[in-house]
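Just so you know, the protein sequences line up as chains W and R, in that order.
The C-terminal position of the first sequence is numbered 183 in this note's numbering, with every residue numbered one higher than the one before it.
The C-terminal position of the second sequence is numbered 458 in this note's numbering, with every residue numbered one higher than the one before it.
Please keep in mind that the hints were generated in silico from the structure rather than gathered at the bench.
Since we're looking at a predicted model, the values are computed, not measured.
Treat the hints loosely; a few may be bogus.
Calculated lysine-lysine pairs in the DSSO-like style (CA-CA distance at most 30 Å, straight line) [what the hints assert, rightly or not]:
{"hint": "1", "chain 1": "W", "residue 1": "62", "chain 2": "R", "residue 2": "44"}
{"hint": "2", "chain 1": "R", "residue 1": "72", "chain 2": "W", "residue 2": "62"}
{"hint": "3", "chain 1": "R", "residue 1": "292", "chain 2": "W", "residue 2": "62"}
{"hint": "4", "chain 1": "R", "residue 1": "292", "chain 2": "R", "residue 2": "233"}
{"hint": "5", "chain 1": "R", "residue 1": "233", "chain 2": "W", "residue 2": "62"}
{"hint": "6", "chain 1": "R", "residue 1": "119", "chain 2": "R", "residue 2": "138"}
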Amino acid sequence: MTSDVHIWWIGADAPDDHLLESVRREVESVFRVRVRLERHAERPTHAFDPRRGQHSSSQILKWLVGRAPSGRVLAVTDVDLFIPVLTFVYGEAQLGGEAAVVSTARLASGPGAMTDERLFGARVVKESIHELGHTFGLIHCDSADCVMARSVNLMEVDAKRMRLCGDCETRFGALQHKEQHHE
Amino acid sequence: MSKERTRVLVVDDEEIVRESLSGWLAKDGYTLDVAQDGPTAVEKLRAERWSVLLVDLKMPGMDGLQVLETAKKLQPDVAVVIMTAYATVETAVEAMKMGAYDYLVKPFDPEELSLMMVKIVAQQQLVRENVLLRKVLKRDYHFRDMLSKSPGMQRIFDLARSAAKTQSTVLILGESGTGKELLARAIHAESPRHGATFVAVSCAALTETLLESELFGHEKGSFTGAVSRRKGKFESAHGGTLFLDEIGDISSKLQLDLLRVLEDRKFFRVGGSESVEVDVRIIAATNRDLRKAADEGQFRDDLYYRLNVIPITLPPLRDRLEDIPLLVEHFLEHLNLEMNHQIENVSADALAALMRYDWPGNVRELRNVLERGMVVAKGSLIMPDDLGLQAPASRQPVADVTLSLDEVERRHIEAVLHHESGNVTHAARTLDIDRVTLYNKIRKYGLRRTEENGTAEA
């Protein structure tokens, strides 16, 4: 697997290029890999569950794996995501795999987010880095301000920085070394 | 650290649920596995230890409640969380009654799941730490098989540890049941002699002649019944420790014989003419006041001084009540194993009763009372009535000034006889009168008659 990351917009509405570009830039800076923004016309409509009115993130991941170019793919969408046992998820990723998905649907809510584009943008960037971190093999971090901390509400998302903490940085280095060594 | 040690088993017949839930939790660093049905889960429960089980309620064949029931039997500490899409109050109540940790209605909020897992991990961590701390504490409270946290006993353990390193004779004093033999064994086990034998002799159990032969052995034909040469306890204990229990009860002839062995480390077998040399460490014990016996001429002064090199006095249990909860826990653990019982504890009321009791028979009596409690108890807790304790006698009875001296004496003798379980020899010793005098008083006050009528225990 090459270390390139491909970012696809698979949302219902038109993409926010400015937002996607900031995701690309920050992901590139955190993981020090080449990140490309790519247009993809297809949509995983089969992942929609009419009973729940949400898209299954697990099905989107499977759909991505079948289509993604070599490397890792991060799909960004504006539809709400779920896994069967949970009411919603901000995103999902294959641990040590190649696919990740992030939804902006719930990141725009909360005080200030609708009016403060920067806050909303920061949340999308953080969750994108977070899910991609899983594809690099990183698990959740106990430091609340590390981008790899588990966040189950917006307060926790906002408490995180856009960076890996020292420990996760070290772990990431080791995982990368292992991956390259394996190739 | 603790997250890796938290092993989670997801049990659900739907693959997508197993995959997504285990995937979600794996990212927290837990160790995950899945089972597609109840029987597979039970198999995994038999094979490995689990911290958390997330079990779907409705599964074909064996349902979630059946898995919960089996899990609690196989691994009582496991936290079982029941998940269901069709919540009813009845099943939730039933699950909680059966020992479920929580009951989640699918789909659940990620925050709810996350908080629940954090809570479970923290609780299990605390339980682990608690077990560890208790083990460390218990180790600190132990001197071999003896257990105490009372400062007085801790000083005794320290003294015994130091004494163990020497060859000096130890004299252990204390009431019956305080653990004199246990302490003697502990000293032997801690001593450089621990590789050799520990031989115990109860000096009060045998007649003078038998005890003599028991201690020193005999030559063939030395007395009627001595059909062959026999080694005595002194020879058997060569290189090790000889424990002489109830040393205060030996005859004056044996006192002299013993004094000689202690002085010369040599003795003659009964009927023998050849001296036998032994290397034996002596630990003696008695529940009598040996100093007083020596002062009154009932025990040889010189032997008393020979024995009283390192005197250790074990306190009665009533003087170290703080040890009762610790001893109760210790005995319950052992008795559960011995008797194959599942008694969890004594009730708070029962413990209070144990703390109030006077314990004339000391730690040995406590063990017996708990054994009785275990046999009688109907549930997993020993209740006050199960212990069969008598109402404690007031330690400082208020004097009844209307009574005659004879009546006071009659009542006191009756109480002492009761306390000594009717043993006249022991009662006479406590009253500090000879047995003939006691028999006369029993006759005088008609105590025998009352006893025969069954109103007094004797």
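Review point. Regarding the pair residue 119/R and residue 138/R, is the alpha-carbon distance no greater than 30 Å?
Key: Holds: residue 119/R and residue 138/R sit about 28 Å apart, inside 30 Å.
Practice item. Mind checking the alpha carbons of residue 233/R and residue 62/W for me, to see if they're no more than 30 Å apart? Key: violated, 82 Å
**Study point:** Given hint residue 62/W paired with residue 72/R - CA-CA distance at most 30 Å
**Key:** violated, 37 Å
Review point. Between residue 292/R and residue 233/R, does the CA-CA distance stay at or below 30 Å?
Key: holds, 28 Å
Check your understanding: Are the Cα atoms of residue 62/W and residue 44/R separated by 30 Å or less?
Key -> Roughly 29 Å between the alpha carbons, so the hint for residue 62/W and residue 44/R holds.
Check your understanding: Taken at face value, is the distance from the CA of residue 62/W to the CA of residue 292/R at most 30 Å?
Key -> violated, 92 Å
The structure does not agree with the numbered hints 2, 3 and 5 stated previously, though it agrees with the rest.
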